[in-house]
Amino acid sequence: MAVCLLGSRFLKCRSYLGTAMTAIQPYCSSVTSGRQHTNGVDLYYERTGGGKHPLLLLPGAIGSTRTDFGPQLKSLDKERFTVVGWDPRGYGRSRPPDRDFPLDFFERDAKDGVDLMKALGFSKFSLLGWSDGGITALIAAAKHPNLINKLVVWGANAFITQEDLDIYEGVRDVSKWSVKMRKPLEEVYGAEAFARNWGAWVDGITQFAAKPEGSICIEHLPLISCPTLIIHGEKDPVVPTLHAHFINKHVKGSKLHLMPEAKHNLHLRYADEFNKLAEDFLES
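In case it helps, UniProt numbering puts the sequence shown at residues 1 to 284.
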């Protein structure tokens, strides 16, 4: 989930505002795009760079490669990395089908992402996952240890608390958002479909509260064996820092890097710093 804090209320903004606007601007003439039929759907992807280290970028809730990863597609080292961004099924340009949220939607996204990379010819690759994409990346790394080289996640949570539920309910009604915050997602989905998809996401994520310990992917964390970097903004209003510490504690050998001034969209607001952290870790 990607939201920003405005005053004392949480409002959905998908990090399009201010510095993060670079995420939806034209970012690189060398990007190629296409659709790959994977697990019964046509998944949209964008690819740039020619390095020997393949990376898959996994976006946040109802996000897409263009809305969530402009600075990474533009500026990650193209000589060292081959960077692939994608729109999960039902998101962005990977429509149809319409998005739905069964209890296993994170596992489904994990399988789609891994199978997409395999279909594109990559036998081993690293994952960079933000927010919901971070959850998906954790599950993919746990389920496919022989395929995942390294893992970078930020803004992710492995379980849901009552505080999290309050946040989700507080942003359910998109009619209460400002026009400036609604507009980017309405441009992607249309106003009616955006409201419908967002409400469905809220329902989809809150269903994990009924599971033991509110688990989204707690049981997967001990199964992750690849080198893992967790980055977290200490001023993140969406995902409290306790979630980053929990993942760090339960993923063996993982590293935690806290950014004192950063919020949820740290890879957009502090793109240069984030990109260097990721590059140094991936190539260490």
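There could be a bad hint or two in this list.
[What the hints assert, rightly or not] Okay, derived cross-link-like pairs now, BS3-like style, lysine-lysine, Cα gap no bigger than 25 Å in a straight line: (1) 150 / 180; (2) 52 / 176; (3) 150 / 78; (4) 124 / 211; (5) 74 / 124; (6) 124 / 276; (7) 74 / 118; (8) 118 / 78; (9) 176 / 252.
Keep in mind that the hints were calculated from the coordinates and are not lab data.
Hints, verified against the model:
| no. | hint | result |
| --- | --- | --- |
| 1 | 150 / 180 | violated (37 Å) |
| 2 | 52 / 176 | violated (46 Å) |
| 3 | 150 / 78 | holds (17 Å) |
| 4 | 124 / 211 | violated (32 Å) |
| 5 | 74 / 124 | holds (23 Å) |
| 6 | 124 / 276 | holds (22 Å) |
| 7 | 74 / 118 | holds (23 Å) |
| 8 | 118 / 78 | holds (20 Å) |
| 9 | 176 / 252 | violated (42 Å) |
Hint compliance for this structure: hints 1, 2, 4 and 9 are not met, and every other hint is.
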